[in-house]
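> Residue numbers (the numbering used here), protein chains in the order written: chain Z, 447 to 1068; chain Y, 447 to 1068.
Each hint should be verified, as a subset may be incorrect.
The list treats identical chains as one, so a pair stands whether inside a single copy or across any two.
Below, computed lysine-lysine pairings styled on DSS-like, alpha-carbon distance capped at 27 Å [claimed, not checked]:
id, residue 1, residue 2
1, K1067, K635
2, K1067, K1002
3, K464, K964
4, K464, K694
To be clear, the hints were calculated from the coordinates, so they are not data collected in a lab.
There are 2 protein chains.
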Amino acid sequence: MNIVDTLFGRPLATEEEKAERIGPLKGIPIFGLDALSSAAYGPEAALTLLIPLGMAGAAYVWPITIGIVILLGIVYFSYRQTISAYPLGGGSYTVASENLGESAGLLAAAALMIDYVLTAAVGISAGVGALVSAVPSLESRTLWLCLAILFVITVVNLRGVQETGGVFLLPTYIFIFCLLGLIAIGLVKTFAAGGHPVPVVMPPKLTAVTGTVGAWLLLRTFSSGCTAMTGVEAVSNGVMAFREQTDKTAKLTLTIIIGILMVMLLGIAFLVPAYGIAATDPGVPGYQSVLSMLLAAVTGRGAFYWVSIVSILIVLSLSANTAFADFPRLARAIAQNGYLPHAFVIRGRRLVYAQGIYALAALTGLLLIIFGGITDRLIPLYAVGAFLAFTLSQAGMVVHWKRHGGPGARHSMVLNGLGALATGITTAVVLVAKFVDGAWITVLLIPALIWMMRSVQSHYARVAQEIRVATPVHTGNLSEPVVLVPIDRWSLVAEQALRFAWTLSKEIHVLHVACGEKTDELQRQWSNVVEQPAQAAGLPPPRLVVLTSPYRFIVKPIVDYAIQQQTAQPERTITMLIPELVESHWYHYLLHNNRPEAIRALLLFNGNQRITVASIPYHLKA
Amino acid sequence: MNIVDTLFGRPLATEEEKAERIGPLKGIPIFGLDALSSAAYGPEAALTLLIPLGMAGAAYVWPITIGIVILLGIVYFSYRQTISAYPLGGGSYTVASENLGESAGLLAAAALMIDYVLTAAVGISAGVGALVSAVPSLESRTLWLCLAILFVITVVNLRGVQETGGVFLLPTYIFIFCLLGLIAIGLVKTFAAGGHPVPVVMPPKLTAVTGTVGAWLLLRTFSSGCTAMTGVEAVSNGVMAFREQTDKTAKLTLTIIIGILMVMLLGIAFLVPAYGIAATDPGVPGYQSVLSMLLAAVTGRGAFYWVSIVSILIVLSLSANTAFADFPRLARAIAQNGYLPHAFVIRGRRLVYAQGIYALAALTGLLLIIFGGITDRLIPLYAVGAFLAFTLSQAGMVVHWKRHGGPGARHSMVLNGLGALATGITTAVVLVAKFVDGAWITVLLIPALIWMMRSVQSHYARVAQEIRVATPVHTGNLSEPVVLVPIDRWSLVAEQALRFAWTLSKEIHVLHVACGEKTDELQRQWSNVVEQPAQAAGLPPPRLVVLTSPYRFIVKPIVDYAIQQQTAQPERTITMLIPELVESHWYHYLLHNNRPEAIRALLLFNGNQRITVASIPYHLKA
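Assemble the whole structure, with the sequences as input and the hints as a guide.
In structure tokens, the structure reads:
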């Protein structure tokens, strides 16, 4: 177990749970990376769509950013209320299913699960993409880099919440420090220069105007800028990860995350036109990211530039962590209601919901492998799910306040209603804007996932129904089993199995599949080695049954005999005792056949309840 | 079982074996393809090495071919004798181990096994290589084509010997017909033109002379021409595949194969210089194979040319079949003596040694994947093994004749001695000529394989020794097992397990791992549902043992309890009864935990002989 301990840490006892809880300091790296990293790519995404407008495009950056910040504010305030109302964790799934019913809950769940897998894959590949554009010689290693980062994030998350916060602490705060520093320096310089600062490094010239502004373009730009609000949901769903008072700590963490993000978005939106920066086309040589141009323009290409660029790369790669923090909690909440396998409810050795982490890692890895680590094409699929879930969550909160009433309920209801309206409109905008690019895939996947979750739940319900019993145990009709012992020759292994058989029953059939010489020898010695000693000891002599096998099968005649006994003796239990050689080295198993496993599996599947299969281990020293 | 039957054919009964035997007609495609296809690449390989000599090189083709044909003749005659002496199948392994001892046998076995895997991989990739050079657009599919051919050959071989002969019959005979036809037409034209025929299509001009002739070059050329004598060994080892009189039929088949091959080699060697053909460099644009140039020169590029080229491609790809025909027989002979896993001895449903076919297919597939379907680099590894095995076989035969004597023994001994000498010298030449190119890998692999085979044998010997018993069964000291039943709650599944436990023993411990509410409920109802009814029926009431688990493990406390009982009750057997839910659909297993498997495995490995594990199936209808 030492490798496991080294990799994942020692097991944590259930009562150590309190010590694993976190405050805002670690909460920001764990739950906030997805939101904060959007400062690095949200403005970029919006500006890229504005390229055809040339210099005129810069004029639209400010109003679009204001719109996004207002939306963010609405979502923030309504989620604060959700945290107050659901201090045990109130993700969209919980809120929607409690207030709007099962179907709405499953819709939110399906939408969010898809979104988290996309968040993880897109986050990792965006980080690696940025790294590769900085160091082009790594390009052939794109997929391996993605998988390596996925592996690191997975292992760190399996080590527990405290560890995750600790590992991601430094890069997160360096990133925050650099971006806020950039904005501060830029603002000072801009005001000092009366609104027209001189760039330290001149940004590339603007390209020619090739398009005109239109509502559609602005809508698409707006929805591109909205791709990263999953961090808001994650905090709300993960309340129980925070230390007492959990809801207060969670709200404080959420406030800090949203506050920093707003400052970053507004700061960048202000500085970009001031320094005359426009996005460059990512497909064309000479491409540079907006933040890289802005950093160079404000501070030049010194140490600050490089530290900032590296921290941006790291934070982009780690933005996948928000999905790792919340997907397992979401899966657990769904599994608790029976809509996903029970395994998602179990806390692993480090008190995290390990199965959820495995599942997310596997799905993310699959996506990365399918797309070769380049997940640009996944971006359109993204955000529909998150906004759909937010809308359902806000609508659920409206119903919640209506039902519970109390002081301030009317005020809260209005706020959540406003949130539902804003996110609902955004969902529609994002869906329409991105439908043909791939959002339709999400629209197809969601019902498929809902169908799957309903099937899981109905299976569990049927099984529970089928095995439920409240009546006392039935004590009649107990009779000794018929014991079957397959052997290939007389050996210590066979002797051990036979001795065990005598302790179970008086009716023992020893089965042997005919195979030439060995069979003759066994029949010759049977009386001497078994029958006579048994009679002498007053034990029932077992019957030696020689089975013929024209097709040289060994397993089939043995299984057939058992099924035949089951039919012939309808009142009795049939017990097959299979001698198994236990080897001292795993590779020795290659040298022996796997017939015991085959007999076991075939009898369990083809027999009925009255056939039981026992393994009699014989431990080899050789 | 229908898909299996369609793919591999219905199972064959052991008594159908006679009908599966073959005559020379099918024997040639099965055992002869490796030898015959060497007519397609042997002269090519020799001529390629002679390129630096320009026109002067052609003069050496004839003497080198004569040398190869003489060697072939010696090997042929001495293997005829081996077939007479070992009518049950006399491969190098059998002959060497019976006459020269175990070590020599294993040396031959290891050498041959390596060689067969290489034959299969090189054969397939040579065929695909020829195809790709004819249709260059297929180049990106090289590996897939190789694997597809491997799959076809594997399936055909698994279908049995008769089928294999049937499937490969047509391409083999078209190939033989075309090559013999080419030689006949060429000879007629050459003699009609007084030794200087005019090519129908002019071969490309010879390249400039860049080297001089030397003994070393000739030796390398000779050894390149010797790469395909494994077919000779295959017939000798596979005597039992032929119909009565097996040895006569096998000898006749061998005679036909060697006869045709000699005619082909001599014919090509005669025609190539007559038509002024020299090899072209395979790495350079404009490359054409020697046979393609010869066909075009003799017959022009008509229907005959294309039929011949296609048949050459097919036969090259199928030359791997010789390895598939003989490797399983070789593995079986080795496994019969305990040096390879027993599974290799078992005849599959179609009376072939299926495990050997699987093993060869897996190893070949692995080689093809590692080298991306381009196995040129493997060619140097090749032939050392075969000639080493031939040498040991011939030397073994010398000892055989010396021991057995009889009429003609002296004559036979001389012939086999000559064979041993010739193949021994060839081994040395091939080894030296190809050592640095890769033959050293074979030299390292052989001892590794021998060590592995010896380890396998000694493991079997130790196990047999350990479990051997000839004494009668020990009847004392039989006592009822302590029965342990792990349950998570009171259900029909638990009831069934408990009822079975009562039929086995009076001492029953019901184990339950504490997990909150469920535990309280179980403890509350225990007296009502189990204890009181048991007492009323006069059955021993089982003990309810609640196990605590601070780390939330379920399996570990149960296993620990069993091990603890094993220590506490040193005279008793401990039986763990594990209720297992049997689902009606395989995918339902994803919804349930795999704890029964985990408990079983841990108890079998960590317990001692006194711990047995029984599965109590509960068949779900849901």
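> Hints first: check each against the structure and report whether it holds.
For each hint, the structure was consulted:
In this homomeric assembly, K1067 and K635 never come within 27 Å of each other (Cα to Cα): the closest approach is 80 Å inside a single copy and 75 Å across copies. For the homomeric pair K1067 and K1002, the shortest alpha-carbon distance between copies (25 Å) is at most 27 Å, but the shortest distance inside one copy (30 Å) is not. Within a single copy, K464 and K964 get their C-alpha atoms only as close as 65 Å, which misses the 27 Å cut-off; across copies the closest is 24 Å, which meets it. Proximity of K464 and K694 under a CA criterion of 27 Å is satisfied intra-copy only: 16 Å inside one chain copy versus 85 Å between copies.
In terms of the numbered hints stated before, the structure departs from hint 1 and from no other.
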